[in-house]
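Undergrad: What follows is the residue order along each chain.
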Amino acid sequence: AQSVTQPDIHITVSEGASLELRCNYSYGATPYLFWYVQSPGQGLQLLLKYFSGDTLVQGIKGFEAEFKRSQSSFNLRKPSVHWSDAAEYFCAVGTGGSQGNLIFGKGTKLSVKP
Amino acid sequence: DTEVTQTPKHLVMGMTNKKSLKCEQHMGHRAMYWYKQKAKKPPELMFVYSYEKLSINESVPSRFSPECPNSSLLNLHLHALQPEDSALYLCASSPRAGRDTGELFFGEGSRLTVL
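Just so you know, the protein sequences line up as chains V and X, in that order. Here the first sequence is numbered in our numbering, starting from 2 and rising by one per residue. Here the second sequence is numbered in our numbering, starting from 10 and rising by one per residue.
A couple of the hints might just be wrong.
[As the list claims (entries may be wrong)] Computed footprint of chain X on chain V, listed as stretches where at least three residues anywhere in the stretch have a Cβ under 8 Å from a Cβ of chain X: (1) 40-48; (2) 102-108.
[What the hints assert, rightly or not] Simulated pairs of lysine to any residue, SDA-like, Cα-Cα distance not exceeding 25 Å: (3) X:50 x V:87; (4) V:110 x V:26; (5) X:50 x X:79; (6) V:107 x X:62; (7) X:45 x V:114; (8) X:47 x V:2; (9) X:62 x V:104; (10) V:110 x V:85; (11) V:62 x V:51; (12) V:114 x X:62; (13) X:49 x V:70; (14) X:45 x V:42.
[As the list claims (entries may be wrong)] Using C-beta positions, here's what the derived DEER-type ranges look like: (15) X:27 x V:81: 48 to 56 Å; (16) V:10 x X:23: 46 to 54 Å; (17) X:36 x V:11: 29 to 37 Å; (18) X:71 x V:114: 45 to 53 Å.
Hints listed in this document are in silico derivations from the structure and should not be mistaken for laboratory results. Built from N, CA and C at the ideal position, the CB exists for glycine as well.
Produce the entire structure from the sequences given, and follow the hints as far as they go.
TA: Set out below in C-alpha cells:
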C-alpha cells in the first residue's frame with residue numbers, strides 16, 4: 002500500500018541552526034513528491050516538488066530537498082533556520098492516478114528557539 | 010498570496026443551522042477539492058470535482074453537500090452538523106483533471122466550530 006512516513010512528530014532547533022526533516026515513502030513506481038508548510042490556522046503552502054530530473058530540488062524560503070530512490074526518501078533541508086519557519090511541515094506523494102490521489106504524511110511540527 | 014480564496018475564514022454554527030462554505034479560484038484549474046483537517050492531523054480528502062462533476066466522494070456523511078456551480082467556484086453546504094465536525098476545511102485546486110501529478114493549490118481554509 003502507498004504510504005508516507007514522517008518519523009519525527011516534533012523537532013526543535015535554534016535559530017540559525019541547520020534543519021533536516023525526514024520523509025520516507027512507499028510506492029511502486031516513481032512518485033511525484035511534495036513538501037507543504039502550514040502555519041497555525043492557515044492553509045497549506047507548497048514549498049517544493051519533485052517530478053523527475055535533478056534529484057536535488059530548490060524551493061521557496063531557502064528550502065531544498067533531495068530525492069533518494071535507493072532509500073525511498075525525500076528529506077527537506079534548510080541551512081539556517083529563521084524564527085518564521087516555525088510551522089507544521091507535511092511531506093506528500095502524488096501517485097499520478099485519479100484526481101485527489103495525494104497521500105500525506107502525518108506532519109512534523111517545527112519549533113524554533115531564539 | 011494564495012490564489013484560492015475561501016470564505017468565510019471563521020464560522021460558528023449550531024447543530025440545527027444551515028450554512029455554506031465557499032471557494033473560488035481564477036487559475037483556470039479544472040479540478041477542485043474539499044479537505045477536512047482536524048488539529049495536529051494531515052488533511053483528509055472529502056470530495057473531488059473534475060470538470061465541474063463530482064468524481065470522488067470519500068464516504069462523507071450526507072450532512073455535507075458539495076456543489077460546483079462553475080469551473081471557478083466550489084461550495085460546501087452544511088446542515089445538521091455535529092460538534093465532531095468542527096475542523097479546518099480546506100479547498101484546493103489542481104491544473105488538470107485526469108492523470109494528475111497531485112500538485113494542489115490550497116486556500117487559507119475556513120475554521121468551522123459546531124456548537
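Undergrad: All hints are to be evaluated individually against the structure, with a verdict given for each.
TA: Verification of the hints:
Here the stretch 40-48 of chain V counts 6 residues with a CB under 8 Å from a CB of chain X, which clears the bar of 3, and the coverage holds. Figure legend: the stretch 102-108 of chain V, annotated as covered by chain X; annotation consistent (6 residues with Cβ-Cβ distances under 8 Å, at least 3 required). Of the supplied pair hints, the one linking residue 50 of chain X and residue 87 of chain V holds, its CA atoms being roughly 17 Å apart against a limit of 25 Å. Annotation: proposed proximity of residue 110 of chain V to residue 26 of chain V holds, straight-line Cα distance about 19 Å (limit 25 Å).
As the CA atoms of residue 50 of chain X and residue 79 of chain X are separated by approximately 31 Å, the hinted pair breaks the 25 Å bound. Distance restraint check for residue 107 of chain V and residue 62 of chain X: the Cα-Cα separation of roughly 30 Å exceeds the 25 Å cut-off, and the hinted pair is therefore not satisfied. At roughly 31 Å between alpha-carbon atoms, residue 45 of chain X and residue 114 of chain V are farther apart than 25 Å, so this suggested pair is violated. At roughly 24 Å between alpha-carbon atoms, residue 47 of chain X and residue 2 of chain V fall within 25 Å of each other, so this suggested pair holds.
Pair hint residue 62 of chain X plus residue 104 of chain V holds up; C-alpha atoms about 22 Å apart against a cutoff of 25 Å. At roughly 13 Å between alpha-carbon atoms, residue 110 of chain V and residue 85 of chain V fall within 25 Å of each other, so this suggested pair holds. Of the pairs offered as hints, the one joining residue 62 of chain V and residue 51 of chain V holds, with about 16 Å between alpha carbons and a cut-off of 25 Å not exceeded. At roughly 47 Å between alpha-carbon atoms, residue 114 of chain V and residue 62 of chain X are farther apart than 25 Å, so this suggested pair is violated.
For the suggested pair residue 49 of chain X and residue 70 of chain V, the alpha carbons sit about 29 Å apart, so the restraint of at most 25 Å is broken. Distance hint between residue 45 of chain X and residue 42 of chain V is fulfilled; the C-alpha atoms sit about 13 Å from each other, no more than 25 Å. The hinted range of 48 to 56 Å is satisfied by residue 27 of chain X and residue 81 of chain V, whose Cβ atoms lie roughly 50 Å apart. At roughly 35 Å, the beta carbons of residue 10 of chain V and residue 23 of chain X sit outside the given window of 46 to 54 Å.
Between residue 36 of chain X and residue 11 of chain V the beta carbon distance is about 34 Å. The supplied range of 29 to 37 Å therefore holds. For the pair residue 71 of chain X and residue 114 of chain V, the beta carbons lie near 47 Å from each other, so the given range of 45 to 53 Å is met.
Of the hints listed earlier, those the structure fails to meet are numbers 5, 6, 7, 12, 13 and 16, in rising order.
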